[in-house]
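Enquirer: Numbering (the numbering used here), first residue to last: 144 to 654.
If you're looking for bench data, these hints aren't it; they were derived computationally from the structure.
For each label pair, taking beta carbons as the anchor points, the in silico distance ranges come out as: (1) R481 with W521: 26 to 32 angstroms; (2) Q425 with S335: 45 to 51 angstroms; (3) D437 with G518: 35 to 41 angstroms; (4) T571 with W521: 24 to 30 angstroms; (5) R589 with V167: 18 to 24 angstroms; (6) R220 with S184: 25 to 31 angstroms; (7) T401 with A273: 52 to 58 angstroms; (8) D437 with R481: 53 to 59 angstroms; (9) D472 with A558: 36 to 42 angstroms; (10) R398 with R220: 22 to 28 angstroms; (11) R589 with K276: 49 to 55 angstroms; (12) G614 with R260: 52 to 58 angstroms; (13) T528 with S184: 45 to 51 angstroms; (14) T623 with G518: 18 to 24 angstroms.
Don't be surprised by glycine CBs; every beta carbon is placed ideally from N, CA and C.
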Amino acid sequence: MTSKLLDRPELSAVRGPTVRHRPVGVHSNVGADEARRFLESVGIWLDPWQLAEVTDSIAEARDGSWASFEVCEIVPRQNGKGDVLEARELLGLFLLGERLIIHTAHEFKTANEAFLRLVAKIEACSALKAEVKSIRYANGEQGVELLDGARIKYAARTGGAGRGFAGADLVVYDEAYSLTAEQVAASLPTLSTSRNPQVWYTSSAGKGDSTLLWSLRKRALRAAATGECEDRLQYSEWTAERVSWNVEKGRVESRPLTEAQVSDRQLWASANPTAGERISWQYLEAEFASMPADQFCRERLGVFDPEPADEAAAKLPAGEWAATRCSLDEARVAADRRPLVVWFDVDLDGRSGSVGVATGTLNDAYVELVKFGPGVGWLAGDVVTLVGRVSPSVVVFNAAGPALAQAEAVRVELARLGQNVDVRGLTTSEYRAACEGFLAEVVEGRLSRPEGQPQFDMAGEKAGERRLGEGWAWDRREATVPISPLVGATCGRFLLPLAVDQQVDVAASVW
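Turn these sequences into a full structure, and let the hints guide you.
Expert: See below:
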């Protein structure tokens, strides 16, 4: 490529993220100054943009919990996102009272490098070092434990990474461009018992198959375009991409960069908050000269790869699906309503499964994903445990799908434990009606589900339709992500009554 470089820009004007979203529920950020003073006292001096990322993440809601449950930071490589994570993790261990932090990365070498960097910071400060009980360097066991029992553990992501841990307060997904729903399922439930949980996603620009990263990006762009803020999402993206949310079409739109724009230093600086400082202009020019244009755009200018073309065929309108999320306080109230239905579903080839509940009525249903996990060996046991806990009126599944293979195991386990509850499989015609009813409730704004369930988010964002007789159903065969949370919830809602005091056999109205 031939460079047509402009004069060096005024960098002070281009340090903030290109795409920025902060949660609507921030009540105070009184801990920001204390956090800055602590970090400086242990020898950590952050750039202003880095400090803002850290301190914004510990802003509080009115009830004292973090205003942000999810924090996403997308910035090209070598700009200092590792420093941001170190700062947040040190705050969690030594200042915020977090008991367990789990740091994951796509590759072992990245997780291990993050571990060694944190250890170096601790060992360089006598005050921090004095609080350490042990440091484990063995492969697969990397971590630090303090004298008071607080711990941070590092791991490469696998289908089982995070299993065996309970009570985590902070989970970090570095290299989130490679993060899958199955990997989230293995680790995110460790936050479920925390009184104040938080999850971080950090990454360079997403690829076409970065489904979870694309989901977060869409939520932030949609909020910016519509003014409808996400309740508990902090999102920051540094990019030269000209990207926006088309409200009318309900999708992301991006205009390709021209050759002149790709060589524009002002755009280089807009995508790289440390351009000319941590990353020298000479190095950036060398990258520009040696990389193909598309690679330079993704790796250095923060331009996402396009989503696959079939992503545009999602059945649920994006804005209406996003609007179904409710706060955790609202979810707790809705989950206690009666009647209550337990549902389960299985993805193709038994790769993953989902278990959840539906409460309320057909006209104001609440649906919740209780567990999503890889494989199906766990499913029957978890269904029975959930039945024992919530005493549902019925357990339901789609008898025309892969869940049928697990139904007998559920029935046997329920009978063995003396749980007298009907396990009901929807017929093809019932399932078709259930899909159509679920869509209508989403579009009309009468269905609700809890925030903080990325597998459920993605299932609704991606699922398309297939023809089924005179109607349609969720298209499991062409799905690019597991859609068992959506299929299961669809079945669960279908068996709710028309009204709380009117137990109606909804199947009787199905042709």
